[in-house]
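Asker: What follows is each chain in one-letter form.
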Amino acid sequence: GAVVSQHPSWVICKSGTSVKIECRSLDFQATTMFWYRQFPKQSLMLMATSNEGSKATYEQGVEKDKFLINHASLTLSTLTVTSAHPEDSSFYICSAPSGGSASSKAFFGQGTRLTVV
Amino acid sequence: GQQVMQIPQYQHVQEGEDFTTYCNSSTTLSNIQWYKQRPGGHPVFLIQLVKSGEVKKQKRLTFQFGEAKKNSSLHITATQTTDVGTYFCAGPRNNNDMRFGAGTRLTVKP
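Sequence lines, in order, name chains A and B.
Start counting the first sequence at 1; every next residue gets the next number (the working numbering).
Start counting the second sequence at 1001; every next residue gets the next number (the working numbering).
These are calculated hints, taken from the structure and not from any lab test.
Beta carbons are placed, not taken as given, at the ideal position from N, Cα and C, and that holds for glycine.
Careful: at least some of the hints might be erroneous.
[Stated by the list, open to error] Quick list of the computed label-pair ranges, beta carbon to beta carbon: (1) B:Thr1020 / A:Glu59: 22 to 32 Å; (2) A:Met45 / B:Ser1026: 12 to 22 Å; (3) A:Ser15 / B:Val1055: 46 to 56 Å; (4) B:Ser1052 / A:Glu59: 26 to 36 Å; (5) B:Thr1082 / A:Pro40: 16 to 26 Å; (6) A:Gln29 / B:Ser1030: 14 to 24 Å; (7) A:Gln60 / B:Thr1077: 35 to 45 Å; (8) A:Leu74 / B:Tyr1010: 37 to 47 Å; (9) A:Thr82 / B:Gln1014: 40 to 50 Å.
Kindly produce the complete structure, drawing on both the sequences and the hints.
Answerer: Given below as C-alpha cells:
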C-alpha cells in the first residue's frame, strides 16, 4: 500500500534555531500534501496545504514566514520551523492523498515530535 | 465555514462493552472518512463512506453514513484493549483538503 515517510521522528533544538521536517511519498506521487500540528490529546489542526510547483496555502493564523513549506517534487514536501521557540514544541504530521483528489484517502507520515528548549 | 463536529470527546469503557462515536457536519459531505490514531502513533485510514445511508462493517466495527450525508457514526461491538486510541472522522472541505473532527479518545479497562 501507499506509504508516506516523515523524518525526523523526533528532534530537540535550541530556541532560535531552525528545524526542517521532510515528508516523502514513497510509492506514489503527491501534488498536494498537508501539514498538521497536534497538541497532546487534541485533534489534528491543518496548518497548510503544500502544492507541488507553487506556493503553499496557509490556514488562518499560521505564520507563513515562520513555517516555511517547500514542495519541490512530486514526492517531497518540507516544513521548516524557523527561529523556533518553546511554544512551537508540538507534534507535526504530514499527509498525502492517495488519489488525484485532495479529499481522497490520506496516508500519514509517522509524525515529528519537536521539542524546543 | 464547513465544520465537522465529533462527540463524545472521551469514552472510557469496560472491555466487552460497546462504543459509539458520532460525527456531524454543518454541510453535506461528498464522503466521510474515519481514521484511528493509537497513542503515540499517527492516524491510520480505516474506511471511506460515499453513499447516502451507507453501512460498512469491518469485523467488530460498523460505520454508517447518514441519509442526508451530514452525519456518520462508528460503532465498536464488544471492545477489546486493542481498540484503544483516538478515532477521527474527516470530511472534505471544498475538495481542497479534509476537515478532521476533534476525535474521540477511547480507553478500555481490561
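Asker: Is 22 to 32 Å a correct range for the gap between the Cβ atoms of Thr1020 of chain B and Glu59 of chain A?
Answerer: Since the Cβ atoms of Thr1020 of chain B and Glu59 of chain A sit about 30 Å apart, the hinted range of 22 to 32 Å holds.
Asker: Evaluate the given range 40 to 50 Å for the C-beta pair formed by Thr82 of chain A and Gln1014 of chain B.
Answerer: 48 Å, holds
Asker: Looking only at beta-carbon atoms, does the pair Gln60 of chain A, Thr1077 of chain B fall within the given range of 35 to 45 Å?
Answerer: Given about 40 Å between the Cβ atoms, the range holds.
Asker: Is 12 to 22 Å right for how far apart the beta carbons of Met45 of chain A and Ser1026 of chain B are?
Answerer: 18 Å, holds
Asker: Does the Cβ pair Ser15 of chain A, Val1055 of chain B satisfy 46 to 56 Å?
Answerer: 51 Å, holds
Asker: Verify the CB-CB distance for Thr1082 of chain B and Pro40 of chain A against the hinted window 16 to 26 Å.
Answerer: The hinted range 16 to 26 Å holds for Thr1082 of chain B and Pro40 of chain A, with Cβ atoms some 22 Å apart.
Asker: Should the hint that Gln29 of chain A and Ser1030 of chain B are 14 to 24 Å apart at their CB atoms be regarded as holding?
Answerer: 23 Å, holds
Asker: Leu74 of chain A and Tyr1010 of chain B, beta-carbon distance inside 37 to 47 Å?
Answerer: 40 Å, holds
Asker: If you check the beta carbons of Ser1052 of chain B and Glu59 of chain A, does the distance land in 26 to 36 Å?
Answerer: 30 Å, holds
Against the hints set out earlier in the document, no violation occurs for any number.
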